[in-house]
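K.L.:
Chains as they are written, first to last, in our numbering: chain A, 2 to 178; chain B, 180 to 405.
None of these hints come from the bench; they were simulated from the model.
Be a bit skeptical, because a hint or two may be false.
What the hints assert, rightly or not - Ranges of calculated distance between the beta carbons of each label pair, as one might list FRET restraints: (1) ARG354(B) <-> HIS92(A): 19 to 27 Å; (2) ARG354(B) <-> ARG27(A): 45 to 53 Å; (3) GLN310(B) <-> GLU8(A): 38 to 46 Å; (4) GLY42(A) <-> SER181(B): 50 to 58 Å; (5) GLY237(B) <-> HIS92(A): 18 to 26 Å.
Unchecked claim - Examples of chain B residues lying across from chain A (beta carbon under 7 Å, computed): (6) GLY348; (7) GLY351; (8) PHE352; (9) ILE353; (10) PHE364.
Only a predicted model underlies this, so the values are computations on that prediction, with no experimental measurement involved.
Every residue gets a Cβ at the ideal spot worked out from N, C-alpha and C, and that includes glycine.
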Amino acid sequence: MDPSADEQELIRAAVGTVLQDLGIERASLIPILQGVQNRLGYLPSLAMRQVAEALQLPEVEVFGVGTFYNQFRLNPPGKHQIKVCMGTACHMMGGHIILESFERRLSILEGETTPDREYSLERVACVGCCALAPVVVVDDNVEARVSPIRVDGILLTFDIERQQEERQEKREEGREP
Amino acid sequence: MSKLITLIIDDKQVEAKEGERLLWVALDNGIYIPHLCDLRMARRTVASCRLCFVEIEGLPNPVTSCTQTVSEGMVVRTRSPRVDRLLRTGFELLLSNHRLHCAKCAKNKRCELQKIAKERGLKLKLTRLRQLVKEAQIDESPGVFCYDSSKCVLCGRCIWADQEQVKVGAIGFIRRGIGRKVATFEDGLLADSICTQCEACVKICPVGAFYLKEDERKPYKIKKEC
Ligand code: SF4
Ligand code: FES
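In isolation and in its complexed conformation, chain A is listed as follows (with noise of 0.2 Å):
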């Protein structure tokens, strides 16, 4: 999915900042891409390529460093965020079953973002509530005892919701001319 040309204008410009605050060193690496991140939600390619070059670098040693940490992400983030846990007791109770369900149902890998940017998908490690595994949090909401059942019941009220918004919009958009 290639961004769309506002995009990339907004790509190259948070880049540009935040290449003037921190400078070229290559020491200042993974900062930077911190700085990018916080800027955008996540690491695009373009802005990637832009950082190698800047610091005259490899672009693969920038996907390199942006693959090996945990806290870079490659995809944007989508309107919801499902966050599914995969801590032991989570994993113990069939987290990774949870997981392949989001993925069968969206479309998606783990990591990945749906392309119309509704959905993104992460894995994360203990949320701190074991006792309700297996637990996934959706935007901020944490869900209990997750089954396979419920995670169709989690994307269907998204759709349901999502469906009544379109609804609504027609409808003002039929009264107002």
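Given the structure of chain A, go ahead and fit chain B with the ligands onto it with the hints provided.
P.N.:
Using the frame of chain A, we list chain B with the ligands on its own:
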């Protein structure tokens, strides 16, 4: 100009320049020490393969010979029960993440893993660990060579060749832990990257991860030997 010193490796007296790396002093004097990641020409020693351990008199524990510099009067043993044990375990760990199918491999008989196994009497088989890689993951996009990441032992030699020797910068390490691999920017095909297909990586790879397409068809020649 550094001065010449004498040291003893496996009861053999050898001369070397002070400050040289022990691994290369030993190899230059015909004493074999298993090794994968270190390169004589490289500026930095990464010491990641953990195969080149030796014992040095006066030091409590075995050390990696690629990071150890030689000094006057040093007494080195390349074999000891502790060294052998470290090697055996390190070697098996590497094998567990290396798709073993020597008979059909393009690098059969020229593989560094086979050489280590032969020199140290190790088996090219897993006894204590499970095989991690099962399927081949081959990038056939370059004209005359292929890259099979399921055979890569992550020594980093090809990255040195690519970035330092020919200064292209097409490949590097990405991800970490079990997902660690040698790849291009965004893990795409080599032919779609800035790779110039100079084959420096093919020449330097100690195993069958980077190999020439023509070598792949050859193995039938050696059939009678097996
Ligand atoms: S491809 Fe070959 S040279 Fe490169 S890291 Fe893997 S084993 Fe080493
Ligand atoms: S050669 Fe010494 S650790 Fe690899």
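K.L.:
Now, for every hint given, state plainly whether the structure supports it.
P.N.:
Hints versus structure:
no. : hint                               : verdict
1   : ARG354(B) <-> HIS92(A): 19 to 27 Å : holds, 20 Å
2   : ARG354(B) <-> ARG27(A): 45 to 53 Å : violated, 21 Å
3   : GLN310(B) <-> GLU8(A): 38 to 46 Å  : holds, 44 Å
4   : GLY42(A) <-> SER181(B): 50 to 58 Å : holds, 53 Å
5   : GLY237(B) <-> HIS92(A): 18 to 26 Å : violated, 47 Å
6   : GLY348                             : holds, 3 Å
7   : GLY351                             : holds, 4 Å
8   : PHE352                             : holds, 5 Å
9   : ILE353                             : holds, 5 Å
10  : PHE364                             : holds, 4 Å
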